[in-house]
Structure formats: structure tokens, C-alpha cells
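Peer 1: Please model the entire structure based on the sequences and the hints provided.
One letter stands for each residue in the lines below.
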Amino acid sequence: MSLFKYSAPSSFYPLAGRLVPWFGTLAFLLCVAGLYIGLFVAPEDFQQGEVYRIIFIHVPAAWMAMFIYLVMAFYAVLALIYQTRLSSMMMEALAPTGAIFTALALWTGALWGRPTWGTYWAWDARMTSTLILLFLYVGYIALINAIEDKKRSDKAGALLVLVGSVNVPIIYFSVKWWNTLHQGASVSLTQGNKMAATMLLGMLVMALACWMYTIAVSLCRVRAIILEREKNAQWVRNIREVNDQLKVT
Amino acid sequence: MLEARSLTLSRGERSLFEALSFAVDPGEALILRGPNGVGKTSLLRVLAGLTRADAGAVFLNNLKLTPLSDAQRAAVLYLGHANALKDEYSAEENLTDQLALDAVASSREARLDALRRVGLLMQRHVAGRKLSQGQKRRIGIARLLLSERPLWLLDEPTNALDQDGVALLLQTVDQHLAGGGAAVVATHLALPLRGPARELTLQENAVTTPVDRLAETQ
Amino acid sequence: MSVVLPTAEMLPTPERGVWVAAARDIKLAMRSKGELAQALVFFVIVVSLFPLAIGPETALLKRIAPGVVWVCALLSVLLTLPRMFQQDYTDGTLEQLALSRYPLPLLCAGKMVAHWLTTGLPVAVVAPLLGLQFGLDSRELMVVVAGLLLGTPVLTMLGAVGAALTLGVRGGSILMALLVLPLYIPVLIFGAGAVESTMAGLDAVANLSLLGALALSGMVGVPFAVAFAVKISLD
Numbered sequence: 001m002s003l004f005k006y007s008a009p010s011s012f013y014p015l016a017g018r019l020v021p022w023f024g025t026l027a028f029l030l031c032v033a034g035l036y037i038g039l040f041v042a043p044e045d046f047q048q049g050e051v052y053r054i055i056f057i058h059v060p061a062a063w064m065a066m067f068i069y070l071v072m073a074f075y076a077v078l079a080l081i082y083q084t085r086l087s088s089m090m091m092e093a094l095a096p097t098g099a100i101f102t103a104l105a106l107w108t109g110a111l112w113g114r115p116t117w118g119t120y121w122a123w124d125a126r127m128t129s130t131l132i133l134l135f136l137y138v139g140y141i142a143l144i145n146a147i148e149d150k151k152r153s154d155k156a157g158a159l160l161v162l163v164g165s166v167n168v169p170i171i172y173f174s175v176k177w178w179n180t181l182h183q184g185a186s187v188s189l190t191q192g193n194k195m196a197a198t199m200l201l202g203m204l205v206m207a208l209a210c211w212m213y214t215i216a217v218s219l220c221r222v223r224a225i226i227l228e229r230e231k232n233a234q235w236v237r238n239i240r241e242v243n244d245q246l247k248v249t
Numbered sequence: 250m251l252e253a254r255s256l257t258l259s260r261g262e263r264s265l266f267e268a269l270s271f272a273v274d275p276g277e278a279l280i281l282r283g284p285n286g287v288g289k290t291s292l293l294r295v296l297a298g299l300t301r302a303d304a305g306a307v308f309l310n311n312l313k314l315t316p317l318s319d320a321q322r323a324a325v326l327y328l329g330h331a332n333a334l335k336d337e338y339s340a341e342e343n344l345t346d347q348l349a350l351d352a353v354a355s356s357r358e359a360r361l362d363a364l365r366r367v368g369l370l371m372q373r374h375v376a377g378r379k380l381s382q383g384q385k386r387r388i389g390i391a392r393l394l395l396s397e398r399p400l401w402l403l404d405e406p407t408n409a410l411d412q413d414g415v416a417l418l419l420q421t422v423d424q425h426l427a428g429g430g431a432a433v434v435a436t437h438l439a440l441p442l443r444g445p446a447r448e449l450t451l452q453e454n455a456v457t458t459p460v461d462r463l464a465e466t467q
Numbered sequence: 468m469s470v471v472l473p474t475a476e477m478l479p480t481p482e483r484g485v486w487v488a489a490a491r492d493i494k495l496a497m498r499s500k501g502e503l504a505q506a507l508v509f510f511v512i513v514v515s516l517f518p519l520a521i522g523p524e525t526a527l528l529k530r531i532a533p534g535v536v537w538v539c540a541l542l543s544v545l546l547t548l549p550r551m552f553q554q555d556y557t558d559g560t561l562e563q564l565a566l567s568r569y570p571l572p573l574l575c576a577g578k579m580v581a582h583w584l585t586t587g588l589p590v591a592v593v594a595p596l597l598g599l600q601f602g603l604d605s606r607e608l609m610v611v612v613a614g615l616l617l618g619t620p621v622l623t624m625l626g627a628v629g630a631a632l633t634l635g636v637r638g639g640s641i642l643m644a645l646l647v648l649p650l651y652i653p654v655l656i657f658g659a660g661a662v663e664s665t666m667a668g669l670d671a672v673a674n675l676s677l678l679g680a681l682a683l684s685g686m687v688g689v690p691f692a693v694a695f696a697v698k699i700s701l702d
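Protein chains in written order, with this note's numbering: chain A, 1 to 249; chain B, 250 to 467; chain C, 468 to 702.
Keep in mind that the hints were calculated from the coordinates and are not lab data.
In silico lysine-lysine, DSS-like type, Cα no more than 27 angstroms apart, as pairs:
1. K500(C) <-> K385(B)
2. K379(B) <-> K500(C)
3. K379(B) <-> K494(C)
4. K698(C) <-> K313(B)
Quick look at which bits of chain A chain C covers, simulated, 3 or more residues with Cβ under 8 angstroms:
5. 139-146
6. 165-177
Facing chain C, from chain A, some residues (calculated, C-beta under 7 angstroms):
7. R152
8. K155
9. A156
10. L159
Yeah, the Cβ is synthetic: ideal placement off N, Cα and C, and Gly gets one too.
Peer 2: This is the structure in C-alpha cells:
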């Protein structure tokens, strides 16, 4: 029951406000620690030299790209079954971060690919499916922005993400299949050498940092979305910072 | 027959109606009135199940309706602003097609008879695109004539109809009411129905006439 | 009044809804023949553009044939998707479909059947002619046709979700393409893959079975998703 209480935007707004600084601080500290481990403690790779260090952002970004879509699918189910407005707002808040991480994974992948394989882009199964994932994010964002009526855009977005999430494994599988069919162009992403324990540690710490960052940023964004949608509600007018703003203008 | 219990609906930031309750008995018509854009169409769509109310529910014979459930679809006949006619079909084909969707079993004679009564018998082969607005509305009346559904929801049914057309519509609705049916009609015209009719006036800013102060016109 | 009271056998069996909706849309498509031919003509013309752009070298044309045929089939299906719901949405028929005695998912299934019969099927039928232009042999042509017959229903089904979701939205058709095309990728891969593996002397059965599996699993779930999307658009 106590959890359901927070599905109301009016009670979630202050809760999110209290949580943001904690997650923000955690994200910052973990990021500093992760980058320190990644850039200074972890040894140089004997094959790739210093270049490999981009994995400390590349791999966590790729993980988050997939993970955030999964979380959005979870919220989509909640939105469609329980018709909670907050679930749709969370989806809307998460999507830009998901898209950014997906783009970041692709970008850092390209930057890494150039010195190691001599090409920015290879039609590798993982890169291709990440690119498609970016299309799915962009499609969702475009759809909810194109529909003016919020009630309708909430439901339409949830349905789209649900249909998309059913398709994601099929897409991933088909791209892998396609890749094995076209052996010529494939480049193996998996490193032959064993990863040093410190490298793994750095990557995990960075992944945690990205996770905390995602939570902090999406909570911030969902607060803005709540304010925007409920601007005429009395409880919004009673918030002190909103009230002060109203007095100024 | 039909009961609305504390219906609330908003569009965007605008509240259309709040905690709106009313009831329509068998043999009775409810006339919806109010200025343009006040939410008459939205209310009819909520009653039809097309639009989900933010709060409140529609009851049919004391059974709570899930929007667009089997029970609701079997009970409701909704004639909206759009006539749902195909340009490519003739008047008769349009009627036949609509009845097929309604799953109304009707004989060809019955359909031709209905077209005759709405004055379209001679025009039954005319393509939809060549029919006038009023004639299109009359096909809707022909559909009403053959309908088996107990609850009619009519959105500005007099639009584009001439005097004869309005008389025909009134006669059709009266016949439906006399047979124990009910109707909710949104209109800005005076509708001198013979059967009992009540009026519900929707007003701006969601101030709505409560059910106990409904004006009994008859 | 000439009302016939419903008797038990007159009450509709829900499955009839598929037929009612399909027959309706097919009849409408037949009435506007120009529209019916558009997808087909588009398919033929775009496929024929490739040799002009790439050159008449037979080996190269044969190499790209599977991809060209499938991308063009996909685009011509995409082009016709708005037809499935747009007109009904504008003229109020979609409301009446939602209020029909027949369940909306079955009516939507009927609309998809009609759409496939008027786009996917004709495309599959003319594809061998175009395959000949690209120098495909008869075995490969058969795989092209089989793949299109199995794959275009999936294109119709996924497209129906996108078409219903973007009804009445500004810039709807571009948005629909954006939503639908990423979902089309598996069909493209399996469809073109079937032809390519035949060309490589391998068996096409694996790819074709995957297409069939997609079509079958789509039939179970998609009508409900489409019906839900239609309800969202009408709300």
C-alpha cells in the first residue's frame, strides 16, 4: 500500500526531490572512482595500448542502453495494466537518457573501432542491433511528442514500447543470424586475452555510476514533467518554489 | 436504463464536466444542450464507450459498463458528426454495409422499405460522393429505422436536414421511445418529441445542472 | 417497423467479423482500382530503377537481387499502410467498427487480411517477373515467392500497429515509417537471407520457417495490439 501511495504524482514529486541529491552525489563519486581506476590504476592493454580505456565508458553505456529500454518496457506494462499516469511519465523521463546512452555507445564504439580495427563502423551484430535500438528510442520520443493529447500519447507510447520490447530479442537474434550468414564483414568484438581484475572493477564501478546518473537525471526530468502536466493542480501551487515563482511573475 | 454516475472528463487542461450524474429511463429521451465546445460530443462518446472518462462510470440496467465491452456495443447505437459513409458505395450499399457491421439481420425488402421511408428509394444507386449532406443524414435515419439497439446516442442529428427530414427524425425517435427504447440527443434545435424528454444543459467551466434539477420539458 | 427480432441463429458468431471486415475492405479496394494498382506499380518501378543506377552487369545484379526485391516489397507495403485506417478514421467508419457487434480485434484481423490480399499477395505474384530481370533462376524465384508469401503478412501486421497508432497525428506517415521500419528488420533479414542461402547452394528452409514462425505468432497477438491502438486513437 505504501508503494502505491507514491504512484500519485503529488506524493512522488517531493519524494523524487529528496532522492535526486543522493543519487546525484553517488553518481558523481562513483564516476570519479571509476575513472580513477580506469585511467590510472588499470594496466595498459598489451595488445591495444592505451586506446582500450574507452571501454570504461563504452561498455557501461551499451549496458545502460539495453537496460533502460527494459525498464521502460516494465513501466509500459504498469501503465497499461494499472493505468498509472506516473508510469508513463517515468517512460517519458527515461527515454532521452536511454537514447543518449545508445548514441554514446555507438559513438565511443566508432572511436574505439578506428584505431583497433581500422574502421569507424563495421556491420557487427552488436553494433547493428544497438543502432536499431537507437531507432526504437527515437521512434518512441517522436511518437509521444507528435500526439498532443497527453492521455493518448501515454497509452500510445506504452503500446509502442511493449511491441518494441517483444521485437527486440527477435531483432537481436535476426541480426546475429544475418551476421553469421555474411562472415566476410564480421569483426570479433570479444577480446582474446583475459581481462585484468582491475579493468573489470573499473567497468563495474562506471556501470554503477551510469546507473545512479540515470536515476538522478530521470527523477529530475520526471519532476519537470509532473509540474508541466499538473500545473493547474492546487498541490502544485502550494509548493514553495512554485509559489515564489508565481509571486515574482 | 442508462445511468451516468459522477462522470468526470477533461481534455488537455480544460475540464469538460465534473461529477456529472444523470439517468435515462426506457421510453425517455435526454436532450443535451449547451454552447459549442462545451463537451456534448465528448459526453456522448463517453456514453458510447469510445472515450474513457477520467472518473465515474456508465451503468446499463444497473450493470457497470466497461468501455466498448460486448454489453455496451450490443446496446448502443451512436451516430456521430461523421456519417461513416463511403464515397465509393451507393446509398443502398452504404446502408447494407452499416447493417452488416451492426450484425443486424435485415431482408432486402426491409432495407428498401427503410430507404423509401427516408425518401431515398429513387436515389438508392447514387454513389455516396454524389449525395447531399442531408441525404447522407437520411441514410443514418434509415439505419435507425432498422436498428435493434435499445440506446441511441445522436450527435446533432438534425444537422443538414430539411424540415421534412427533421420531422422524419422526430417520428423515428418517437417510435423508438414508444417501443421502450431510450435516446440521448445532443442538439441546439428545439426537438418537439411526443415522448417524455428531459434536458441536460452543459455549461462552461464544468458547472453542470445537477440531476435533481433537471428540467422536465413534458 | 420492419425490425426483425434477433433469434439465436441470427446472432453473429464473432469469427464472422473477420470476414465482414475483410470483404468490406476488399470491395472498397476494388472500387478504387487506381489505388489498388499503386503499390504494385511502385514496386515494379523502384525495382527497375536499380539496374539503371548500378549498371547492367549480370553478376552484380544477381548478387543484389534478394536485397532489392525485399527492400522494395517492404517499401510498397509501407506506402499502402495509411490506406488501412486513414479513410475510415476520417469518415467516421472506424468509430462504427469499434462499436460494432463484432469484436474489434477480429475486425482488425479482417482489415489486415484485406490489406495483405491487396498488397502483399500481388507483390509476391509479380516478384518472379522482376527476379528474371535480375537473372535469378527458377529455384531462387520460388524461394523469393515463398518468402514474400510468408513475410508480407508480417509486414502488414506490424504496419497495422504503426498505422493505427499514428492516426490523426501531424506528419503521421513519416512518423509511421519511423516506428515501423526498425520492426521490419527481422523480416528483411530472413526474407533476403532465404534467397541468398539458395543462391549459395544451401537450404532456404531455416529462413523460411523463421518467417512462417513470425507470421504465425503475429496472428495470435497482433490483432489485439491493433485493436488497442485503434481504441487509443479514437479516445
